[in-house]
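Asks: Chain by chain, the residues run as shown.
4 protein chains.
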Amino acid sequence: MTEKKTVKIATIGGGSSYTPELVEGFIKRYQELPLGELWLVDVPEGKEKLEIVGDLAKRMFEKAGLPVEVHLTLNRREALKDADFVTTQFRVGLLDARAKDERIPLKHGVLGQETNGPGGLFKGLRTIPVILDIVKDMEELCPEAWLVNFTNPAGMVTEAVLRHSDFRRVVGLCNVPIGMEMGIAKLLDVEHSRVRIDFAGLNHMVYGLDVYVDGVSVKDRVIELLSDPANTSFVKNVQGQGWEPEFIRSLNALTCAYHNYYYKMPEMVKKTIETAEKEGTRAEVVKRLEDELFELYKDPNLAIKPPQLEKRGGAYYSDAAVRLITSIYTDKGDIQPVNTMNKGAIASIPYESAVEVSCVITKDGPRPITMGDIPVAARGLVQQIKSFERIACEAAVEGSYDKVVLALTINPLVASDKLAKKIVDEMLEAHKAYLPQFFKTKKVAAAKG
Amino acid sequence: MTEKKTVKIATIGGGSSYTPELVEGFIKRYQELPLGELWLVDVPEGKEKLEIVGDLAKRMFEKAGLPVEVHLTLNRREALKDADFVTTQFRVGLLDARAKDERIPLKHGVLGQETNGPGGLFKGLRTIPVILDIVKDMEELCPEAWLVNFTNPAGMVTEAVLRHSDFRRVVGLCNVPIGMEMGIAKLLDVEHSRVRIDFAGLNHMVYGLDVYVDGVSVKDRVIELLSDPANTSFVKNVQGQGWEPEFIRSLNALTCAYHNYYYKMPEMVKKTIETAEKEGTRAEVVKRLEDELFELYKDPNLAIKPPQLEKRGGAYYSDAAVRLITSIYTDKGDIQPVNTMNKGAIASIPYESAVEVSCVITKDGPRPITMGDIPVAARGLVQQIKSFERIACEAAVEGSYDKVVLALTINPLVASDKLAKKIVDEMLEAHKAYLPQFFKTKKVAAAKG
Amino acid sequence: MTEKKTVKIATIGGGSSYTPELVEGFIKRYQELPLGELWLVDVPEGKEKLEIVGDLAKRMFEKAGLPVEVHLTLNRREALKDADFVTTQFRVGLLDARAKDERIPLKHGVLGQETNGPGGLFKGLRTIPVILDIVKDMEELCPEAWLVNFTNPAGMVTEAVLRHSDFRRVVGLCNVPIGMEMGIAKLLDVEHSRVRIDFAGLNHMVYGLDVYVDGVSVKDRVIELLSDPANTSFVKNVQGQGWEPEFIRSLNALTCAYHNYYYKMPEMVKKTIETAEKEGTRAEVVKRLEDELFELYKDPNLAIKPPQLEKRGGAYYSDAAVRLITSIYTDKGDIQPVNTMNKGAIASIPYESAVEVSCVITKDGPRPITMGDIPVAARGLVQQIKSFERIACEAAVEGSYDKVVLALTINPLVASDKLAKKIVDEMLEAHKAYLPQFFKTKKVAAAKG
Amino acid sequence: MTEKKTVKIATIGGGSSYTPELVEGFIKRYQELPLGELWLVDVPEGKEKLEIVGDLAKRMFEKAGLPVEVHLTLNRREALKDADFVTTQFRVGLLDARAKDERIPLKHGVLGQETNGPGGLFKGLRTIPVILDIVKDMEELCPEAWLVNFTNPAGMVTEAVLRHSDFRRVVGLCNVPIGMEMGIAKLLDVEHSRVRIDFAGLNHMVYGLDVYVDGVSVKDRVIELLSDPANTSFVKNVQGQGWEPEFIRSLNALTCAYHNYYYKMPEMVKKTIETAEKEGTRAEVVKRLEDELFELYKDPNLAIKPPQLEKRGGAYYSDAAVRLITSIYTDKGDIQPVNTMNKGAIASIPYESAVEVSCVITKDGPRPITMGDIPVAARGLVQQIKSFERIACEAAVEGSYDKVVLALTINPLVASDKLAKKIVDEMLEAHKAYLPQFFKTKKVAAAKG
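Quick note, the sequences are listed as chains A, B, C and D, same order.
When the letters of the first sequence are read in order and numbered with my numbering, they come out as residues 117 to 565.
When the letters of the second sequence are read in order and numbered with my numbering, they come out as residues 117 to 565.
When the letters of the third sequence are read in order and numbered with my numbering, they come out as residues 117 to 565.
When the letters of the fourth sequence are read in order and numbered with my numbering, they come out as residues 117 to 565.
This is chain A alone, in the form it adopts within the complex:
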């Protein structure tokens, strides 16, 4: 890599509406990261979008005056060949599948959401075989490349690569931690760059063990502010309602927005059902937003990321990805929160499991900062979700119907074997086209019969 003049990046799911943000990130950091070729890959169903967004990408680089070749292809292997970095932002089954992930659980009174509960499970079941397939191609075509995954559920996907392949150059990425930092910056009215959080936990279940401004801990003040019900959580599309002061004070750690699902479970289920009735599920909302975005993207005069994209959610995601790639490429040594193998960084989470943790980013990849113990109060939930993820990974790889039921039963959002089975049966049927591993043998079919 060091001898090469320019960098080759392959983006799987390149036809995504997020791509312009990614491109903007590449433009912004071009001086540090001399991108030579950007390969946008997609599946045949996504060809039209790929072309729209690919053309916009070309216009953006051109307007920026940068000599970046944009390649559009349906041939993944061609894109992977000799890549330096591979980013994954694909969605198996597209937004229609997400809509089902959200709708079906709600019918059973269970939270419908794309990264937690039944929705997260089934998104994982559809995604994991594909990611493992990509990894297999990478081992052959670009073994030295880094895989930067921001396909959700990012924690489960990273776990799957770590436990079910020998490939180790993988990083899972999420915008939740950066969102927490920005939320705290806003709360304290300081610049984002001055805020640093000690992140430790799992993807979408990350805690802030300490928080610093200019390197000095301000945790006590932040916890005090968070005890004031007026100060609510931070990520746009999962708004919290403020914690009870006693709870947050004695938990004594920062939470992320997704913690609402577990520490305000009945309230969140109720709210999600109401919202779905009023506005449709998030997938349905996003679908409308996406249609609008692609209309904009088609405009041949557009050569920047349109501001409307920010409403889409997932802000900073692509920017975080480019920041990460740049730090790896330049061996920068800055601290970023990513999903990587634990190796003891967080006590009481298995050594080999994926965790979301503050890491020093080097050319050799992310190196977790040792966080030690997380609060006693947080250990059980984190283990429970990790167990859920591990069994979900096994289910995905083995095509085991029994394990899907087990995974969902032990998920705190379901907590019932009977209910789990009902939901699993309905969702397996709904996603049949994207879950071939569960429909191979008569035996499985019989077991479900």
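It is possible that part of the hints are untrue.
Because identical chains share one entry, a pair is satisfied inside a single copy or across any pair of copies.
To be verified - Taking lysine-lysine and the DSS-like style, the derived pairs with C-alpha atoms no more than 27 Å apart in a straight line are:
{"id": "1", "residue 1": "K387", "residue 2": "K537"}
{"id": "2", "residue 1": "K534", "residue 2": "K335"}
{"id": "3", "residue 1": "K165", "residue 2": "K448"}
{"id": "4", "residue 1": "K144", "residue 2": "K556"}
{"id": "5", "residue 1": "K479", "residue 2": "K448"}
Simulated from the structure, these hints should not be mistaken for laboratory data.
Knowing the structure of chain A, use the given hints to seat chains B, C and D on it.
Replies: Only chains B, C and D this time, still in chain A's reference frame:
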């Protein structure tokens, strides 16, 4: 102890309706355990019952022709002085408190039960200061004695002694494991004595990792039988509904009846509410049973344990206690499931925590058999309940309102900080008389205001 | 196994001089362990001895009036077929190899001994491939049988099976712990059966964490007695010289005789060299003893174990083996110290490694009693020997010359890469005939050149 | 600290010959670290040297044109008051004590050296009570200050603070890691700043798990180079002789110079004895060097660090200290190897123990980078030295003669209880004036009698 001719045992809560079973146990094992003095201790409110049950105990020993002195006293220190064993079966606040533990959560749609959820928490908060007080007396008056606790929540109480005192001669005891063995024996139609289970987990959350008949594993067959919805769980007062075959097969471990609360949560909540409406809560039912029992006990012609006691629930409890005491006294080396310090017996539960595990029983106390890892699927829930117990213990010892709210928020049966606070406030008020540690300072009162 | 009327046992290395003790053990425990067939297996070089000892065995059973068939064979697979237990007591390269293990290191000023240092390493390198071969046969021919290994170095051999095969029905056995118990019994002048020690450590590096008479700890008294230089160590052929009182008091654990090598290293090396000069090495002494024994065994009138065998060393070994087999067969549940997988029984030794630990013996094999932490002072040495064993196992399996040098360098008895290499080169050459794995490829040969 | 204009630093042992290097470091980094006051503290015996070196320091700052106040004092508390950083470089008993640490063991054929074996032990016993006393003062007088210790044995001293005080703002510092980096840089002929090593282990027993140039691993090449006997170890005063290629290849980690003591033990003992005979021990050599240095320092025209200081050994030490202080002060986030609490950074070393590990340096102190497992071959030795350190710390704090004997017995350089006791008795007597904790009570005296 070895030089003494006879054994002195002090039973705190001696006026309990269970005492005749305990006495029956002492009579049955008299040849191995030469009981000299049985001191039944109770609080002033329990004086009448103490006398009724104490007189029955005297008649029972007399009829058996055994020279056992029965002492009835309200002076605990007198009873503890030079005791060889101390058993605890008291109930702070009596059955009225239990009725509140069961009723109040139900109003909020949360399971009301005396060892799980809010009920278990508040029973713990009332009991822990008393048990720590007993332990302090024991350190002074009978430091070589063993404390055999079967006051619920037995796991949390054992945790409190292990974490908040220096006393180590404590064993927590429960009838759930023995009930599981008897259930399996019945299922397989073999004698109980031929069945052995590898128990590992927490009190009221214990798993059977393997099961043997005559030392040969029959786990596969048992799991198969349990996959048949016809074969339901085993402990009398917490009847299960049979597991989904996929769930139990992939969990691949035996469950106890209390697992229904976590793996059939919505169903169990619904059922408990219905039962409470129809028959009253368990405390209310038990109260009627107890009244009948004490009427029987008064009969001066009664000199045996009346068969009606078995309906009371908690069968085998006292028998298990005498079996345990006898094995300690005789250094027997048989295997019994008890609550004791983990020390690595169960991987992924903290070293210093109380676990329920198969132990070899020696004069030096229970020695856990190394169980290694429990199934991945079980690890999270076990950690979550252990975290709940640990924070509850701290709350009880410190009188920390914040920690009570935290403990209940992270309990899977509540999973909401808002709901937790509401229930805590109502229960603190209801149990005020037995929770002095929470009503000491203005600051706490204000915090709750 | 339960349906079979009688038990079939195969003894690899059946021509050993120990066999009469084994036979005596079978006779003594016949009521509990209904032995039907005893297959004594040996290699062609051992045929003569096999016949001598086999004939004696037949006479012994006959005299005892027991219907046990004794089979003598050079065909291991025939012996293994449907066996219930397999015992291994073979010696690759016979006593000549042992003599080299003892002699060569002494030339370099390093302890020469058959289970520690260079001698233990090379005995392991010769033995491990054979034991793994036996295990492979067992998986095919008697997968339900238990392998009871008492071939030294028993800890390393058990480690090899646990780490380099999938076979789990293996137990390593040693007479050191039983010797310690008998030594303590003698020291305290009580019967052996009343003494119990909490054993924890590695084979030939086992500590007694506590010691009980009739279940009551007498550790303080024993440590006090051991602080008296008059009271020395216990195993016959490795006599200690008494510990410095300060050392044993602050170590606060019982040691075994082999600890002398590590806690009296210079003295032991000196003594071993002197003894070798005066009396010859142990192998040379044993060889003379064995010749005498076989002369006795030939006597057609001899039908009991001759008392002279006890001088041979390794007393109780075979008796311990039969005791273990009987407890497994009858699911007895008594406590015996054996080598088995740690699984957390001893904190700070790897989960998957072989440890020597007090176990409850069941039909399902040995179940370690949880010992928790060993003394801080002992942790390093135990880890160091375990690391030595693990690397030795890898060297044996891979035929890696580099790893042999590494293993010996980190062994505390050598502690020099240069010295290690010199000794390794000489010993590899000396044992060439029994170390084919190191003489396969040109590359290895070149590396050594 | 943030509001203060300038930084106050107190240097305990300020009269050391190293101080000019420290001053040079402060001058070099003045732009980043605005030093206002430097307090040089020493004991009455060191008053003369303190004044000589203090005057030189003043001249150096003056020549550099920097407004730094230099205070010379024998009153430690005055110096500590409101300090921002405290550095410790004192030597209890001065070089005379070191000479004894080196000489006495040699008489018994044991390595004499000031940080390993008996010498390291006794230096620790003398130093630990003083450092704990300093820490007590700091808790009162400057609780927010960081203690940067480079008094040897730095690992043991850090362990003592972590285990025997509640003070956590402590960092142990050593020049060995930086020396390894510079050695590798020289070996590869690249600039030092391009080399980064993953350090993991203990002080004076640190391994390099990987090594990078510009972020790219060059470990294989380095190991290959180190297998060439021509390429020897790197720290000036402990020259190695090159590793056997087999050893270093299969260890597969970089070693430090002090590893020679454990992996070339007989050779190093021999060489140390020879050198002591020829040139005197290191203390004796250093004493001559120091005398020369102080003659130079007295020269009122000298206003720079004289180049002769580099011969003194301990090069980069003070520079490393200033680099560390600067990174803490500026929250720099660069990577430096220091001694700090493990917290899981290195698997298989206790959580609470001091380790030497690559850390990210923040205003909140060093944050270890998670290293995971160290090579199997290294685990035992590391544990053994850590156990030695822990028991030495307890001995120092408790004044326990028994534990001194235990610590030395388990040290691999001694490995004999008898020899340990002999050496301990002689060294206790020799250092009596500086070991008051061992000469308090009759009981201890009697025990030694």
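Asks: Now, for every hint given, state plainly whether the structure supports it.
Replies: Checked hints:
1. K387 x K537: both (24 Å within a copy, 20 Å between copies)
2. K534 x K335: between (43 Å within a copy, 23 Å between copies)
3. K165 x K448: neither (35 Å within a copy, 44 Å between copies)
4. K144 x K556: neither (47 Å within a copy, 59 Å between copies)
5. K479 x K448: Classified as both: same-chain Cα gap 8 Å, cross-chain 19 Å, threshold 27 Å.
In summary, the structure is inconsistent with hints 3 and 4 from the numbered list given earlier, while agreeing with the others.
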